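As you go down the protein sequences, you meet chains L and S in turn.
Using the working numbering, the first residue of the first sequence is number 1, and each one after it goes up by one.
Using the working numbering, the first residue of the second sequence is number 1, and each one after it goes up by one.
In case anyone wonders, no lab produced these hints; they're calculated from the structure.
Do not take every clue at face value.
Derived CB-CB ranges, DEER-like [as the list claims (entries may be wrong)]:
#1 L/Arg43 / S/Asn205: 52 to 60 angstroms
#2 L/Arg43 / S/Gly40: 32 to 40 angstroms
#3 S/Arg313 / L/Lys74: 48 to 56 angstroms
#4 S/His43 / L/Cys300: 23 to 31 angstroms
#5 L/Leu9 / S/Lys4: 55 to 63 angstroms
#6 L/Gln52 / S/Asn29: 42 to 50 angstroms
#7 L/Gly45 / S/Asp264: 26 to 34 angstroms
#8 S/Gly40 / L/Lys74: 24 to 32 angstroms
#9 L/Val24 / S/Gly40: 44 to 52 angstroms
#10 S/Asn29 / L/Asn144: 17 to 25 angstroms
Calculated pairs, DSBU-like style, for lysine-lysine (alpha carbon to alpha carbon, straight line, at most 35 angstroms) [said to hold, decoys possible]:
#11 S/Lys338 / S/Lys48
#12 L/Lys146 / S/Lys48
#13 S/Lys83 / S/Lys48
#14 S/Lys4 / S/Lys48
#15 L/Lys74 / S/Lys4
#16 L/Lys146 / S/Lys195
#17 L/Lys77 / S/Lys230
#18 S/Lys230 / S/Lys172
#19 S/Lys91 / S/Lys338
#20 L/Lys322 / S/Lys291
#21 S/Lys285 / S/Lys324
#22 S/Lys182 / S/Lys230
#23 S/Lys24 / S/Lys195
#24 S/Lys230 / S/Lys48
#25 S/Lys338 / S/Lys285
#26 S/Lys48 / L/Lys74
#27 L/Lys322 / S/Lys4
#28 S/Lys195 / S/Lys182
#29 S/Lys291 / S/Lys91
#30 S/Lys24 / L/Lys146
#31 S/Lys182 / S/Lys83
#32 S/Lys326 / S/Lys230
#33 S/Lys4 / S/Lys195
#34 S/Lys24 / L/Lys67
#35 S/Lys338 / L/Lys322
#36 L/Lys322 / S/Lys195
#37 S/Lys4 / S/Lys91
#38 L/Lys63 / L/Lys74
#39 S/Lys326 / S/Lys338
#40 S/Lys48 / S/Lys24
These numbers come from a predicted model, not from an experiment.
Backbone N, C-alpha and C fix where the C-beta goes; we use that ideal spot for every residue, glycine too.
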Amino acid sequence: MTPFVAEFLIPVAKILAIIIYPMVMVIVMIWLERRVVAWIQGRIGPNRVGWQGILQPFADAVKLFFKEDIIQSKADKFLFNMAPVLVMFSTLLSFCFLPLGEPIRIGTYELKLWVAESPVGLLLILGLSSISVFGVIFGGWASNSKYPLMGALRSVTQILSYEIPVGLTVLSVAFVSRSMNLVEIVRRQESSHIWYGFLLPVSFVVFWISAIAETNRAPFDLPEAESELVAGFHTEYSGFKFAFFYVAEYAHMVLVSSLVVVLFFGGWLPPFPNVKALHFLHILPGFVWYLIKIMFFLYCYVWIRGTFPRYRFDSLIRLVWKWLIPLSLVNLLVVALLGSVL
Amino acid sequence: MAFKEIELNMGPQHPSTHGVLRLKLRVDNEVVRGVEPVVGYLHRGMEKLWESQTFHQIVPLTDRLDYIASVSNNLAFVLAAEKLAGVEVPKRGQYIRVILTELQRLASHLAWVGFMANDIGAGTVLLYGFEARETILDFFEDYAGGRLTIHALRLGGVPYDLTPENIALIRKVLDGLPAVLKDIGRLLTENRIWKQRTVGVGILNAADAVEYGLTGPVLRASGVNWDVRKRHAYSSYDDFTFEVPLARNGDLYDRYRVRLAEMDQSMSIVRQALDRLPDGEFRAKVPRVFKVQPGEVFHSIEAPKGELGFYIRSNGTDKPERVKMKSPSFINLQSLEKMCVGNLFADVVAILGSLDIVLGEIDK
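Modelling step: build the complete structure from the supplied sequences, incorporating the hints.
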């Protein structure tokens, strides 16, 4: 393989792929959510555009693209325009650090299914998700309107509060794997023959609950609680900028599900790698296993949305400060103690 | 954080004001300091309009008041008009009226559970409730042709007899409902989030409820035993045995439980009426030109939303001189501020939902 291909073409292709991949997942997710929620609710859902309505997200995108782009006269134009970009950018950038599958060998060249392998990948993702909070604040503030402002205030309180348990549980994973590198975390799960979800069940549960809250999804979808705040911080957005927020939310869900899979369910590894009888599971490539796993968690998102009522703001904050944070602190302490003893 | 108290307009275009209601809220961050309902966006001048219509023509117009429960509106008006004219409705007609209004109560409460759950974020229950309500509307379509504004009653009785096919359909509808109610109950009754949102929220004690003149399930959830069907039985309601579900705390959860229990009672009443449906005429002979002697009358019924009454003053022609409507939604809405102040912004939506208002009835 020539250096030109290896050093230039493949990285460029990877960069394109890491933008296209979340988009494809978002499209699948939008369709899945609408169909599955419809199914839970005893409706049919969109089934006209394409096979089983699979092209419906494209139709929606086209519609949004041609909508008038309204900027209120009293809005702060710079921040108003920047907010959706900021949210989208930080979410897409996080995907660079996700290992999507095991490296593929082509001759002597090893094609790695991730864009960047950083020793602090986990920290970078947490940091980037904090940047997306700014998009929410700017969006709510720059709209210069009351409902978006209230939505933004709620969002910020909620996301900042829930980042603490996320950080603490992630730390317990880092303790066990002794690494902040996402690829390394998966490799450690391979070599230790146990997925961390089973080793650290408390961490997994706390992380998953907090992650749902961080993505502003039901039952924690207060910032955009339709029945109170109309559409929360993006009430004043229309057309393509609204689509940016919308896509970023779904991409964030994909990101969070990927994180759960990588941190707690062995990333691209097939289940039970040490059971001889189940070795045929290796037939499927790692990328497919990874997809199957994240689809499961994406389905859970929809399932939860179809089942539960919405939390109220005070009980939401009470949940995180009185339950999740103490729980994850104790959990971290126990993991650290056991880790140093064993 | 210092946060100035702001005035927030909720509605008239807002997803959860149940129509074109406008609420002027004063909120201090998330805490509500004041609520002022602004009504009238759906005003159609109904009461004035009725003065130029004959009694027969008014009946279908009452459909458009509480459009979630149109049969109840019909019943309140025709009973008042019949009382003024001294028309005796045959027993079979009275029973069919009971069946229709109780089915309407079921439909209305099912819609309420759905809307209430949707306001609290459980959209699935909305669809479950509506699917069940759909079966009742299918029966109405089968019986009278309409689904929402049915015009199911006439002066002197009902327009059509209940055929055996109608009765079989009603029984089928009734057999299907308990399963839906069980599903809804499983999604909500013991759900922790639902309880957090409803228990102890929007409390109205019995004294306040009476003071504000509340009626219907909201009043009974506060522990006041007042049901017009029991107190001033009309249309043969004293022939049936049923209970008046009561609760004590007067919070949102009690209103939910009272309405669910009422649905069970309604199903039982319909079953009793079907079992004991008397033979004979279903409509009294009422002249085309329905003239009543000069006088005035007030008659009220227990509508799904509360006590619905009509005051009619007649001057001896076939048109009323004045009709005044006592609409339960309008009166129940007054208590909103009392219940909301001090609660959180999200509770306003839930409390408003728990009152079960219909703007068609408030604005007339």
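Tested hints:
Between L/Arg43 and S/Asn205 the beta carbons are some 41 angstroms apart, a value that contradicts the proposed interval 52 to 60 angstroms. Checked against the hint of 32 to 40 angstroms, the pair L/Arg43 and S/Gly40 passes, with Cβ atoms roughly 35 angstroms apart. In this structure the hint that S/Arg313 and L/Lys74 lie 48 to 56 angstroms apart at CB holds, the actual value being about 53 angstroms. Between S/His43 and L/Cys300 the beta carbons are some 48 angstroms apart, a value that contradicts the proposed interval 23 to 31 angstroms.
L/Leu9 and S/Lys4 have their C-beta atoms about 58 angstroms apart, which keeps the hinted 55 to 63 angstroms range intact. About 45 angstroms separates the C-beta atoms of L/Gln52 and S/Asn29, a value consistent with the hinted range of 42 to 50 angstroms. Restraint check, L/Gly45 to S/Asp264: a C-beta distance of roughly 32 angstroms satisfies the suggested window 26 to 34 angstroms. Checking the proposed 24 to 32 angstroms range against S/Gly40 and L/Lys74 shows it holds: the Cβ atoms sit about 29 angstroms from each other.
At roughly 51 angstroms, the beta carbons of L/Val24 and S/Gly40 sit within the given window of 44 to 52 angstroms. For the pair S/Asn29 and L/Asn144, the beta carbons lie near 18 angstroms from each other, so the given range of 17 to 25 angstroms is met. Of the supplied pair hints, the one linking S/Lys338 and S/Lys48 holds, its CA atoms being roughly 32 angstroms apart against a limit of 35 angstroms. In summary, the hint linking L/Lys146 to S/Lys48 is not supported, as the alpha carbons are separated by about 39 angstroms, beyond the 35 angstroms threshold.
Between S/Lys83 and S/Lys48, the direct Cα distance comes to roughly 22 angstroms. Compliance with the 35 angstroms bound is thereby established for this hinted pair. Of the pairs offered as hints, the one joining S/Lys4 and S/Lys48 is violated, with about 44 angstroms between alpha carbons and a cut-off of 35 angstroms exceeded. Restraint check for L/Lys74 and S/Lys4: the C-alpha separation of about 20 angstroms stays at or below 35 angstroms, so the hint holds. In summary, the hint linking L/Lys146 to S/Lys195 is supported, as the alpha carbons are separated by about 29 angstroms, within the 35 angstroms threshold.
Between L/Lys77 and S/Lys230, the direct Cα distance comes to roughly 63 angstroms. Violation of the 35 angstroms bound is thereby established for this hinted pair. Between S/Lys230 and S/Lys172 the CA atoms are separated by roughly 28 angstroms; this keeps the pair inside 35 angstroms, and the hint holds. Restraint check for S/Lys91 and S/Lys338: not satisfied, since their Cα atoms lie roughly 44 angstroms apart, outside the 35 angstroms limit. Taken as a hint, the L/Lys322 and S/Lys291 pair is broken in the structure, with Cα atoms around 71 angstroms apart against an allowance of 35 angstroms.
Annotation: proposed proximity of S/Lys285 to S/Lys324 holds, straight-line Cα distance about 26 angstroms (limit 35 angstroms). Pair hint S/Lys182 plus S/Lys230 holds up; C-alpha atoms about 27 angstroms apart against a cutoff of 35 angstroms. Between the alpha carbons of S/Lys24 and S/Lys195 the distance comes to roughly 27 angstroms, so the proposed pair stays at or under 35 angstroms and holds. The hinted pair formed by S/Lys230 and S/Lys48 meets the criterion: a straight-line CA distance of about 32 angstroms does not exceed 35 angstroms.
With a C-alpha separation of about 49 angstroms, the suggested pairing of S/Lys338 with S/Lys285 is violated against the 35 angstroms cut-off. Simply put, S/Lys48 and L/Lys74 have alpha-carbon atoms about 44 angstroms apart, too far for the 35 angstroms limit, and the pair is violated. At most 35 angstroms may separate the alpha-carbon atoms for a hinted pair to count; L/Lys322 and S/Lys4 meet this at roughly 28 angstroms. Between S/Lys195 and S/Lys182 the alpha-carbon distance is near 17 angstroms, which keeps this suggested pair within the 35 angstroms criterion.
A distance of roughly 23 angstroms separates the Cα atoms of S/Lys291 and S/Lys91; the hinted pair therefore holds under the 35 angstroms criterion. Distance hint between S/Lys24 and L/Lys146 is fulfilled; the C-alpha atoms sit about 13 angstroms from each other, no more than 35 angstroms. Straight-line distance between C-alpha atoms of S/Lys182 and S/Lys83 comes to about 40 angstroms, which puts the hinted pair past the 35 angstroms bound. With a C-alpha separation of about 19 angstroms, the suggested pair S/Lys326 and S/Lys230 falls inside the 35 angstroms cut-off, and the hint holds.
Among the hinted pairs, S/Lys4 with S/Lys195 is consistent with the structure: their alpha-carbon atoms are about 31 angstroms apart, no more than 35 angstroms. Simply put, S/Lys24 and L/Lys67 have alpha-carbon atoms about 31 angstroms apart, close enough for the 35 angstroms limit, and the pair holds. Taking the CA atoms of S/Lys338 and L/Lys322, the gap is about 31 angstroms. The hint holds against a cut of 35 angstroms. Under the criterion of a C-alpha separation no larger than 35 angstroms, the hint pairing L/Lys322 with S/Lys195 is consistent with the structure, at around 19 angstroms.
Distance hint between S/Lys4 and S/Lys91 is unfulfilled; the C-alpha atoms sit about 63 angstroms from each other, more than 35 angstroms. For the proposed pair L/Lys63 and L/Lys74, the alpha carbon gap of about 26 angstroms is at most 35 angstroms, so the pair holds. Proximity of S/Lys326 to S/Lys338 is assessed by CA-CA distance (about 21 angstroms); at most 35 angstroms being required, the pair is judged to hold. Distance restraint check for S/Lys48 and S/Lys24: the Cα-Cα separation of roughly 28 angstroms lies within the 35 angstroms cut-off, and the hinted pair is therefore satisfied.
Comparing the model with each numbered hint stated earlier shows that hints 1, 4, 12, 14, 17, 19, 20, 25, 26, 31, 37 do not hold.
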